[in-house]
Structure formats: C-alpha cells, structure tokens
Amino acid sequence: MLNEYFSSVDLLVLKPAILLTLFAIGVLLTDLMLEPEQKYLNAVMALAGVGFAAYSLGPWPLGLQHQMGMAGADALEAFRGAVIVDSFGIYFMWLFLIAAALSILISIRYLEIEGEHRGEYYAIMLLATVGMMILAIGMDLITLFMGLELMVISIYILTGYLRRDRRSNEAALKYLLLGAFSSGILLYGMSLLYGLSGSTDLRIIASSISQRPAGDPLVLIAVITICGGLFFKIGAVPFHQWLPDAYEGAPHCVTAFMSVGPKAAAFALLIRMFLVPLASVRDVWLPLVIGVAIATMTIGNLAAITQSNVKRMLGYSAISHAGYMLLGIVSGNENGLKGIMIYLMVYAFMNLGAMAVIVAMRRKDIIGDEIDDFAGLVYKSPTAAVLMLIFLLSLAGIPPTAGFIGKYFIFLSLIETGHYGLAVVAVLYVAVSLYYYFQIVTSMFTREATDNVVPALSPGIRLALGVSLAMTLFIGLYPNPIIEVAGNTVASILR
Amino acid sequence: MSNGYFENYIPILLLAGVVTLLAVGMLLLSYLLGPRRPSKEKLAAYECGVMPTGDARQRFSVKFYLVAMVFILFDVEVIFLYPWAVIFHELRMLGFIQMILFIGLVLPGFVYLWRQGIFDWSETDTSEWPDTPPVTLPGVSLVVPNVVQEATPFSGGSQ
Amino acid sequence: MVPLSYYLVLSAILFSLGVAGFIFKRNLVTLFMSVELMLNAVNLSFVALSYYFRQLDGQIFVFFVMVVAAAEAAVGLAIIISVFRNRQTLNVDEISRLKL
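Chains as they are written, first to last, in our numbering: chain C, 2 to 496; chain E, 111 to 269; chain F, 191 to 290.
Keep in mind the hints are simulated off the structure, nothing from the lab.
Keep in mind the model is a prediction, meaning the values are calculated, not measured.
Don't be surprised by glycine CBs; every beta carbon is placed ideally from N, CA and C.
It is possible that some hints are incorrect.
[To be verified] Sample of chain F residues at the chain E side, in silico, Cβ under 10 Å:
{"no.": "1", "residue": "Met191"}
{"no.": "2", "residue": "Ser195"}
{"no.": "3", "residue": "Val209"}
{"no.": "4", "residue": "Gly211"}
{"no.": "5", "residue": "Ile250"}
{"no.": "6", "residue": "Val257"}
[Said to hold, decoys possible] Covered stretches of chain C (chain F as the covering partner; in silico rule of three or more C-beta atoms under 8 Å from a C-beta of chain F):
{"no.": "7", "region": "149-157"}
{"no.": "8", "region": "195-207"}
{"no.": "9", "region": "261-274"}
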C-alpha cells in the first residue's frame, strides 16, 4: 500500500537529507546527557552524520545515480517530480557536505573559547545543510521555498548564536529582518509564477511562460521580484548591505560556514530558476544581471579596500566574488556555468581555509579579526602566515592556486560570447582585489608583532586547514578531474 | 454585475446599521439618564473582587515570552493536522504512519525544550544575563525585563 | 462571484503596504509586522489563484508559508529580545554598532 505513494527512489534520493536530519535530532538529544567537558562529542556525532550522508551519496561524483542502476539516465525523479536528483544536485550536495564538515571542524575550539559549546549549534548547522540540499535538488516552488527557509532560518540563529555579544545580536537582527523581507519578495514572485501557470512545478511553469507574449507585464514583474529575492540571497548589489554586517558580527566559524554553504545553495537556486522557469525570458533578465554583476564587482572590490576588519573585508570580497560568478550566468554557455560550479567548489576550500586561520587567531580575550591582529604573524606562527598567504592568493585568483581556475573559465566564457567589455572590467577588478588582500599580507609579513600570543591551532583547525590547503593547491595544479566533473554536471542541466 | 451582485450585500449593510444604532443608542441613553455618583471604589479597576495592586503595566517574567514563542511554533504544527484529520479515513494506515513520522520529528524538539527547563516557571536564575535595568519604551506598551528577578508568576506579583 | 483580479489587486496593495512599512518604520516590532503583512498578502493571492484554478497546490503552499512565517517570527522575537537585553532599545537607527 505504501508503494502507491512512495517508491524506493523517493527514499534513496532523500537518504542524505534524512540521515542528516536524524543526526541533527540525535545531537540535540544526546547533548542533554553530556557533561560540559564532553561537549566535543557533539561535534564528533555531527561529523559522523555528515560522513554517513556522504557515504549514502555513493562514490564521487555520481554514486547515487549509479546505485539505482541508472548510470546512463540524466536524473532521478522522486516525489512525483517535486525533487529531481541530477548530477547538478549531487555536485552541490557534495559541496554542502564538505562545507559542513570543515565548518564543524573549526567550530569546536572556537565555541569552547566563547563558552557557548552546546549541541544546538551542530544540530542547527546540520539542519541548515539539509535545507541547502533540498534547495539544490528541488524542482517545485514549494520544495524550493521550504529548503530556502530551512537554510536561512538556521543561519539566522547561528549568526546570533553568541547571545551576550552585541555584534552577534545586531548582525543576526539585520540579517533576519532583511532576509525575511527578501523572502517575502521572492515569494511574491513565486505566487506570480503560480498565477501564470497554475502549477508549482518548475518545468510546467517554464512551458507556460514561454507561451506568454513578449513583454507581458506580469512576466516582467515576476522576473523582477524573483531576481530581487535571489540577488539578495547571494548578496549582490544593491541588496548587499546585510552581508558585511552579518559576516562581521557572526561568530568566526559561522562566518566561515555562511560564506560558503548558503552562498553556494543560493547560486544553485539562482541557476535552477534562470535555466528552467525563466529560460525563455532571458532577454528580460539578462540586462538586469549584467548591471547587477558590474555594480556588485565595483562595490564589493572598492568597499573592501577601506576595511580594517578582516571578516568585514572578506564579506566585501564575498560580494565581489558573487559578481564574478554572475558573469558566468551572463555568458550562460557551457564554460560559463562550468566556471560557476568550479568557482563555488574552489571558493569553499579557499574561503574556509582563510576563515580557519582567522578562527585560530581567536584566543582568550583576543577577537583576532582586525588587520592589526595579523601584524607580524609570520614571526609568531610562520605556518599560519604562509597558509593565509596561499588562501589570499587563491581568493585573488593568482595562477598556481585553485582560485585561478574558476576565474579562468568565467573569463573564457565571456570572451566566447563576445562580452569583451565585461571581461576587461572583471580583470581590472582582480587587480584591485590584489591590493586589499595584500593589506593583510603586508601586515603579516612586514609589520612588527604587537603581542606574542601565538594562534591556537587545535587538531580540528589543523585538519580543516590541511584539507583546504591540499585541495586549493591540488585543484590549482591539476584541475582536470574537477573540470571533467563540472563539465558533466553542466551538460546534465543544459540538456 | 447589475443582476443583484451588490444587492446581495444589502442585508449585511442593514444589519451593520442596526447594530451600530443600537450600540450607540444604548450608550447614549445610559449616559444621559443614569445617575453619576463616583466614589473611590467605583473608579477602581475591577480585578475579580480582589483589591487592585499596582499598575497593569507590570513587568512579566521573561519566561512568559519563551512560552509564547514555543506556543507559536507548536500551535502552527496543528495546521498540518487539520487537513489530515479531515481525510483521515481515506488516507488510512499510510496517513497515520506519515503523521506519526511528523509528530516524531516534532517531539524531540519538545523533549529538548522540556529538558532545558523552558516549562519550569518557578525556577529563578539570575546568573544568565548581565544585570541591566528595565526601561519603559515610549510607544511600546510591553516592558521586557532583563531577568526573572522579582515576581515569579505564582507568588502574587511584586508590590 | 468576486472576480479574481479583485483579490490579486488587494493582495498587491497589502504587499506594497508591507514593503512601505518595512522601509519607513523604525520600530523593530513594526518592521516585523510589515514582513508578516507581506507574507499574508502573498498567501491571499495564492488562495485566490488556487480557487481560480480549481486545484490545491496554492492552498498547500499557504500552509507551508504560514509555518515558515511562524518559525521566522519565533526566531525573530528571540533575537529581538536578546538585542533589547543588550541595548535597551528597539529603534533600528540606534542599533548600529556595525557600520552600514
């Protein structure tokens, strides 16, 4: 009887998400029984959950599809088309699991220092990951909206996790108010899409929209509201104001997580929306995206120059990175989308690596997120300084590192599609970004140390730094595997 | 539109008119005809026969806000139960299992709150927050206290 | 029968009121209520459209939106209370330790 409604595909497809949810609940309940000094076990359990979820995804990159004996098939549909697992979704699920695992690793020590080491933190982080996964595989407006809200509400809580800290409170408040506002706008756009098509299935919406006459005002409003909501979630100008505040105010390890996971998830949603329901009205949103991409790169890069707080600077740099990735949407061809996919994966490693160094700078009584805190780091801890240098070079996109590969494909796609002007502007801004990244570098290598408290490299942070470094260099030196995977992924959604 | 669309609303309009007239009339009549001999007892707020104590704008324990928030969450879960209950017979065992799963997901949250002591109102714990004086806001009638320093809910309130 | 467009126009007006309230009001709780107004305006249009199409997708969407709105409200109120405890104000202009 159950088979009338559920098939084994449904459960298989959601297995990673179900496992993560169960582990989140498990962490919440076991936390009640743990003594204060045993709280690290919460992190172990959360990591185990991520591990099991990754295991259920099968061998990299497309295990889940192979498990069903559908190696040749494009995608698995489940829940009557509300969820679709294609290689695009699986790629993003891997990305989210990696981001969650690394963030959990760097959180343990930080939360101990802040005296807020409780199981909730890990449970909420796992639930946020579930939300992102649903966002990457959803094919239905309801599913996507629920995934989005599960993710952002979890992140609001994590941002304000240090309840006694005014900065954390304030960041959470701003993020929540503006986030709820943008969700409302996005939802209005969704209601218009529903009104235009009579269905919440993205593919049906796509076919109804393609039949509307050109310049239909309803379609126009729907596109604008949906773009507004999506641009907000990725932190693009003019909806970027929340981002530097949220990054600066959130606990270091949460900044690391939210700069990678939710950003990638928002891009997954954006690509899905632009390629499926809004594909036929590309003429309407293309000028919008071009304008927003240029403004985003401009504001992100120029505002980053004047920052004295490293987290805030990385916040503005995250805005500018969103601008680069939007350029991949502008060109919209295979290389452009491939560039976005690679960029997001690479960004996960390099940004988490840089944030891990900042987390290590947090010691008793030292917040460690000002550029001045990095002064003379090379004398105190050469390892941390060199690692930070590599991650910053990668963020700027200097060739032997992974950051170059993502930018390379996006610039290549711009030239292929004849957007020469945009390509020139983007390259110019890379030079600007070098300038502000090197403010940190000069602080680390040429200034005198103001104190002699060495950064605390706990085992978790060491592991996270090791993985990030290895992947940043590996992808930079030998990019073929990831290019191939990203190529297959993009082929599956463009088909 | 012409064939009685707005005519349908005439009874409602009539009813609204009659009700308004009746209410205003009764208030007006009692104001004009009734004797007015105010005294202290008569002007005092009526609190079920108990002597009124202090201002109505008292500080409430912050735990009430927690309970209110938890109430919002668990109350809203019910909106999934209503449609389910309406077609419960058609869904048979499947619907039952699904709802058990749903409740099974909500329940751990409840257990967690319970073990965190959200529902334990009598406990007074002032160590949690730094000592900050309560402030009344212009334009906001709620006064959010910093801690549960005075008035535990069942001890009769602060004098 | 009230035609569909009436509902949609009402929904658009309510939504715009919510947006305007969010932009022009300065009290945190009011801002929050504006967002709720926006969500409920969308709910109205979902229900009206769902009735118009004679199918249930829109109404189911409304259920989920209501649950999400409640979760958001709970988290929001919790954050507002902790902000208030740390700063004793609910005016957004005074909550600006982080530069904007």
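Against the structure, the hints:
Satisfaction of the interface hint for F:Met191 is found here, the shortest Cβ-Cβ separation to chain E being roughly 8 Å, below the 10 Å cut-off. With 10 Å as the threshold, the beta carbon of F:Ser195 stays out of range of chain E, its nearest partner Cβ sitting at about 13 Å, so the hint is violated. The beta carbon of F:Val209 comes no nearer than 22 Å to any beta carbon in chain E, farther than 10 Å, and the hint placing it at the interface is violated. Because the smallest distance between the Cβ of F:Gly211 and any Cβ of chain E comes to about 15 Å, over 10 Å, the interface hint for this residue is violated.
The beta carbon of F:Ile250 is positioned within 10 Å of a beta carbon in chain E (closest approach about 8 Å), and the interface hint is therefore held. About 5 Å separates the beta-carbon of F:Val257 from the nearest beta-carbon of chain E, less than 10 Å, and the hint is met. Counting residues of the region 149-157 of chain C whose beta carbon lies closer than 8 Å to any beta carbon of chain F gives 3, which reaches the threshold of three, so the coverage claim holds. Figure legend: the region 195-207 of chain C, annotated as covered by chain F; annotation consistent (5 residues with Cβ-Cβ distances under 8 Å, at least 3 required).
With 0 residues carrying a beta carbon less than 8 Å from a beta carbon of chain F, the region 261-274 of chain C misses the three-residue requirement, and the given coverage is violated.
Checked against the numbered hints above, the structure violates hints 2, 3, 4, 9; every other hint is satisfied.
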